[in-house]
Structure formats: structure tokens, C-alpha cells
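Colleague: So the protein sequences, as listed, match chains H and X. Numbering of the first sequence is given in the numbering used here, commencing with residue 1 and proceeding in unit increments. Numbering of the second sequence is given in the numbering used here, commencing with residue 1 and proceeding in unit increments.
Keep in mind the hints are simulated off the structure, nothing from the lab. Treat the hints loosely; a few may be bogus.
[Said to hold, decoys possible] Derived lysine to aspartate or glutamate pairs resembling EDC-like cross-links, with alpha carbons at most 20 Å apart:
id, chain 1, residue 1, chain 2, residue 2
1, H, 102, X, 384
2, H, 57, X, 387
3, H, 92, X, 281
4, H, 57, X, 384
[Claimed, not checked] According to the in silico footprint, chain H covers these stretches of chain X (three or more CB under 8 Å from chain H):
id, segment
5, 76-83
6, 130-140
7, 291-297
All C-beta atoms, glycine included, are put in the ideal place defined by N, C-alpha and C.
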Amino acid sequence: MIELKNITKIYEANKHNKVTALDNINLKFNEGELIVLKGSSGSGKSTILSLIAALSKPTSGEVIVDDKRISKLPDNFASLYRREHIGFIFQKYNLIPTLSVKENILLPLIPNNPDENECDFKLKTVLDKFNISHKKDSIVKNLSGGEQQRVAISRALINDPKIIIADEPTANLDEKLSLDFCDILKNLKTQNKTIIVATHDPIFFDLEFVDKIIEIKNGTII
Amino acid sequence: MFKINLHLIEYAINTILRSKTKNIFITTIITLLVFLLSSIFLISNSIKYELNQTVDSLPQIIVQNLKGGKSYDIKTKVANEILEIAGVADAIPRVWGYYYFQKAGVNFSLIGIDQYEMKYKNSLTKVAQSFNLEGESMVVGTGVQKTLQNNYYDKYFNFIKPDGGFKKIDIGGVFDGDTQLESNDVIVMSNDNLREILDMRSSRATDIVVKVNNPEEIPMIASKIKAKYPNMRVVTNEDLKISYANIFDYKSGIFLALSLIALFTFFIIIYDKASGLSSEEKKEIGILKSIGWKTDDVLKEKFIEGSIISLFAYMAGIILSFVFVYIFQAPGIRLIFEGFSVLKTTFELPFVFDMQTLSLIFFITVPIYIAATIVPSWRTATLDADEVIR
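Isolated chain X (complex conformation):
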């Protein structure tokens, strides 16, 4: 029957403790590496998850009015014309825009809704049903609420209109969107109020969103709209997915570069460790061989030693990264991902447990460190004991 050799484990722990300073240094380096890699992966996984959720809740088709490559207001009657295309379930003119709140240095997304029209997103339908947006009232996302409260706007906000005048709108409620990223910077109000803030006529909208009965037909209907309105830009949710993915890939490239630097440092340590043992370490192996330890026994002991250090460092790094990312919300590192075009106000990183990522980090740290511990010991242990202890 297999019996765990506790004496060997005890000896391995003893060996680690005898070189306390050196081993604390190595453990710290591996912990830092695991922490950095794991934090990077956890943040990118969380943001990827969040972006996917955002992309999934995007409109199927958006029609924009282009002039000279720039987007301008579109006539609302275009929506009625699009409705006549076979396969189109609905066409809704949207009024929306951005508002730069100078004092806080953030952009808000302003979305107008008509309470009695069908809404193009679940979250907005809920807003339309739950809050009364008649009159001078608006509903804000949680991030917006926080930003406004920080600037002493608890009950209302004064928008500055393009003509320089003010438009005071009361905060009627706070809503949670389909995703964190989306709900944070959003302000929802009536189309009439928003048109006033954006200086837009009532026969105009920012764009038109199109709902299609059969999602398979999205590309075909998009091409029909394009054919009917050659001067307009028709964007499908697939196109948007690609552009989001491009932004994400660009940013994850920066993370990749950071990871490579960390890995490079780790491999220098590994190379240094694998390239040889100190004379004391060699002599100790020689002594063990001379008193009857087999090469296997020496390697088993070194395996335990390497496992204790690398597993401890791995666990510590992973736990630290979970605390750093999900409890402290990754201060510093996540700024790399927060760009103007995607994120504007603060948001919470959602908890995503990805076993694949944890396994990947495990396999690029723990077995490599154990191998780097065993290989030089194996080289020494296979020499004549006499040669080693002389």
C-alpha cells in the first residue's frame, strides 16, 4: 500500500526554511508574477464578459444619415418607409446623444424615449413602464447618479443647451441596465426634452433602429435598406460586434505586452535556477547519496520542495488577484482598459470564474518552477557521490 513519506515532506520543508531569505525572494517573485498574470486575465475576462453582454443587447440594425462621412440627424418619416420592407418587424427613430459634464470630466449618454412607443431594448422598456418621464424628469444610471451626487446634484441637473441657456431636469429615478457598462453612463428622458438639449427638430431623430422578425435575415434586410437609401449608413449588430472586438483586442494587446514582460522576468529566474546549484546544495546531495539515498529519493525531495514553493506562490498570487480585482476593483491596471470610446463612468467588474485561465497560469508557472528545481539536482544526483562530496 502506498504510504506518504512524511519524513521526506518534513525534510523538504526544513530545507526550504534553511534557505529562508532566498526562498522568500523566489516565492515573492512567483507570487507577483501569478498575481499580475491572474489580475490581467481576470480583468480582461470580466470586461470581455461585460462587452459581450453589451453587444448582445445592441439593436439588430441601425440606420444613420451620413453627409461627408459624418453622421447627421435623420428624418423620422424614414422609419415609416423602412417598415414597408418585408421582414421588418419595427423601425423606431431614436433620439440620443452625448453630453460632456465638464465639472466631473465625464461623458453621459443621453437617450430619449417616447413612453407609448415600443422600445428597442429591454432595459428601456422597463424604464418606460416603471418611471414617469412626462414633464421635466429623467432617469439616470447608477454611475451617473454617483457622479451627479458627487457634484451636489441630488434632485435635478442643469443641462447647458447649444444656445447657452439652461435646461433643468429633475432626477426621477435610477435604473439598472442590461449590463454594468451600459447603465452607468446613461440618462434617459423624454424625446421632447432631449431634442431641446440637443437642439433637434421634432421631425428629426439621431438614427433609426430596425427590428427584424428572423435574425437570419438581418444581412439581407440591411442590404435592402442600403439599396433604398444609398446615402445612409446601415450598421448591423455583427458590424458593431467586430468594432467592439477590435477595441478589445487592441487593449488586450497592451495587457499581453505586460504579461510578456512578467513572464520574461520569471524565465530569467528559472534559467538562473536551472543553470546550476550552489556548492553547498551540491554537497548536500552528495552526502544524501553517500548515506544511501537513491537518485529517486533526492528527486522526490526536490519535487516536494519545488511544489511547496510554487503551489504556495500560485495560491497566494491567485487569492491576491481575486481580492485586488473583485474587492478593490483593480485600481491602476484597469485604467488601461477604460478608454473614452467604450467606458465613460465607473463600473463594477463582474465576477467571472474562468477555470481555463487559472489552469493556464498554473501550467506556465508551477510545473516550470518544479522542473527548474529538479533538473540541476538530477544532474548532480546522477554523478558519482564520491565526485560530488570531494
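This is chain H alone, in the form it adopts within the complex:
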């Protein structure tokens, strides 16, 4: 279970320029749920995702995942938590453009120093699942937007995380590719993954397998 308690997040560009991204919000997500965070740009959706993934710390309040205070974790433990529990699909994919598909997907495994067989097995599983086996040696910058997104999803899932976070996943995709992505989410949900999607794409608001839609505006929940 994921719980955000009295979360406030203030970004401080400098002493005279403070932005309150989240203002005392409280949220609770259950395991296996698919939650859509809805809201316009700058509403605070991405900040919520960052806090759940322990990519940043709240100014005040607590993020609790499976009874662990994620917001208080020291840097190295936060990294371990991300490696083991979180699969993050970024809006701009955040792939390393000069590496191949295979190299990008395997990146999260490197610190664990797995043997070749484990790498090959995990790689083959995600490549087949997302239908990009034929592109595994291609350099990522040469791929189309849809292909890059499938690489990003493969990378997010290579460690088989329990929580999948997607930030504006369809922002750079056409309608067909967006629907394909929804199918991927549906499939992941059947595997009892907790999925949190931040988006303002209306395609997500009518999906029958979405459990909750939460609207955020100016850092507060409506």
C-alpha cells in the first residue's frame, strides 16, 4: 500500500523564488490498483510521482510504501528501493540515446552484477513481451517515438517491480500507439502491479480497468 500523508513540496529556485508544488495533500493507493492522476501542466502530478519513487524528498509530510517511510530514506537506500520496487516510465523516456536498445534495458541490472544467463533471460522476456526483439542492437536515438517508449517500458520492467509509475506516457505518441500503451497497462494490471499514471490525456479517463482518477490542481486534490 502507498500512502502520502500531509505532503507539502516547495521547490526553491532561489531565496526569493519559491514554488509550492504540493500543498498538504493526503493520498492512499492499494496494491494492484491502477490510478490516474489528472491535471494540467504544473498542477503537481509529476511531483507526486517523484515522491513515490523517492526521486525527491517532501518539504514536509511522509511517503509510506508497504509500511516503510520512503521519504526518510538515505540516498543509497532510496536507490535500492527504486531498483527493487519501482519501474519508472518518464515522459521523455530518459533513455541514453547513444546506447543500444539492449544496453538501455539492461542498465538497472548492472549494479547487481547478475550472471549472463540471468541477463539474457530477463532481456528476452521483456523484448518478446513488448515486441522489440528485432531492434535489440539498434541505437536508441535512431528509433521512432513508439519504439523508444517500448524500450523505456522494458527498462522499467526488467527488475519486475511491484510499482509502475508513468509520467505523461502518451504525450509524444499518436492515438494508435497511445491505445497500444493502454493495452500494456491492462496487461500489467492483470499481474497485480500497482500502476500510477500522471496524465492530462483524456484517453485514460474512460478506461474500464482504471480504479481511481484523482484530479490535482495547483498542488491540491480536487
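With chain H's structure known, arrange chain X on it following the hints.
Modeller: Then chain X, alone, in the frame of chain H:
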């Protein structure tokens, strides 16, 4: 059990190859720096070794006749008088001088020996025993032989005497001295022939070398000679060591200046590298952190990256400098050390392997470069990943 993370090493190599141009440039600069520093140290070590060998084979005491601060011929009977001083084992009048061979633009050192007298140096004793210097014959060092052959003097040489006449002397043999520096410019012949070339009377010598039974007594005997002959200059081998060392120190100062310039350039590169990462590099670290790499993992990868570049450059620089110094004999750089007063003809730099020097160069290049690679990455890796990738 500790297991080497080959994936991390592979990723580090991949990262280096992705910025090929930049990394080739950095590797080249470090290689050049190591090459320059190492060449300088190797040459100076070789020459220092050679000079020490030379100094060790110098006479214990030399007595010269001074007039108005200049050295003149000395009476040979002074040697007999010096022999009477307690503690003196031997006193030998030496006939020697310099001969400027204009055509080649080099100076030869001419040394006269009397075949039946005890010689003041091992190499000359060997010459006296091995070659017949009776008549018009001489023995030359390897460097002299090369110079003469280059000027078509294969069998003899015509010395020009002070009165303008010629003195033809046959080349009777070639000898190796105690050291390279010494043997190269030396010509050995009989005292009589040399006196004729130098226009010196038979009762005269260039100087007198004194052998002492107990080396501890050298300063005491030198002071006794000084007291007996206040008009003469008495030089001990310690005095000569100091003057050689002064010449060497002066020249190694020039090398030091060169090294400082090279080091300064290296540190500008280091400063530039340490002062920050490009936005792509920062973003990459942010991505790695966001997918679960710990700060340690990022630093380990950067450590491997820095080590590969700096160790490769270090090894390349060292190997190149060994080839440059010992195979090609350091063309260009070694000229700084070759001065008229010390070296006259060509000589081979002897191979001297000095682990201390190699370690010194290692410690002023490799760890500094690795630190300059790690520090900015550490600064970025300790920020919130969210802040870095935004």
C-alpha cells in the same frame, strides 16, 4: 565472495567510446605529459648515473700549478717531493690536454701515459697493458673513433702542433673507459708524443695526481700539500664531485622548468574537468540514479572510466619514453644536458630503471585524473535525481 562487476567495466568502456573524440584528446594530453616527464627523468637519471660513475673514477687528489689564477705546466720533480709526505701511496705526473678538431667541431681529451709507470686509473692501466703505445701510435675512445671515421681518418690522424706543423699518429686501437662519458672523447698516447703535440718540455707535466693509502686521510694530505706548495691548487675528488653536481643541478633546473610547464598544462585540463560536467553527462547520472543506481555505483563506474584512460595514457607515455630515450637516444631533449664542459662527443644513455621515478609520475598523473573524474560526478550524484533529470 568479491566478484568483479564486468557489466560495470563494460559500461565504463562503452561510456569512453561514446565520447571518442574528447577522450582521445584527453588521453593524448596525459600521454604527452607522462612521456615528457618520464623522458626528462630517464635522461637525467641516466646522466646522473654516468656522472657518478665518472666522479667515482676520478683521482683522489690533483695538484696544479697556478699563476694569476690560470693553470700552467708543473715540474715533474714535484711528484717526487709529494711522495715524501707520509700517507701518500703514489704521485704521478700527468700529461694531458684538449685538442679541438675543427672539421668535426668537437674537443678531444688527450691523455699521455708512460707504459711502465703505475697508472692513476683502471682504464688507463688496461690500455697500458693491452696496447703498444711505443712509437707513433695512439688508442682512441669509441666516440673519437666514430668522429675520425666520419672524417675519413681510419688508420691515423694528423694533429696540428702549436708551431703549425703536423704530427701524424696511427690509431693503434680502441678502448672502453670506466664510463661511457669518459671513454668517448679520450685519446691515449705516449707522454713523449703528447708533449710534442702540446709543446711541453720533458721535465714538465700538466698536473700531478696523488694516490693516498687511506681515503679518510685525503683532506689531511691535501692540506699538507697546500702548506708545502702555497702557489699550487690542490683539488680533491670531493671538490670535483661538488663541481660536477653544480653543473648537473643547473641543467636539471632547466628540465625542472620544462616539467613545470607540462604539469601546469595538465592541471589546467584537470581544473577544467573537475569544475563541472556537461548537461548530457549530468542527465546520464540522473537517469542512472532514477533507475536504481546508488551513488557508489555511479562513482565506481566513473572510477573505472578514469582509471582506464589515465592508466592507458600512463603506460603509453612510459613505453614511448623508454623507446625515445633508450632506443632513439632522446634526440632533441638530451641536447639540453650536453654542454661543452661535460660532454664533447656522442655517448649512449645507459639503461637505468628507477621505480621511484615511475611511481612519482604515476602519483602526479593517474590519481589526480581519477579524482578529477570522480569529484564532479559525485557532486551530481548526491543531488536529488529528480532535480538532475528535470
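Colleague: Any of the earlier hints contradicted here, and which numbers?
Modeller: Of the numbered hints, 1, 5, 6 do not hold.
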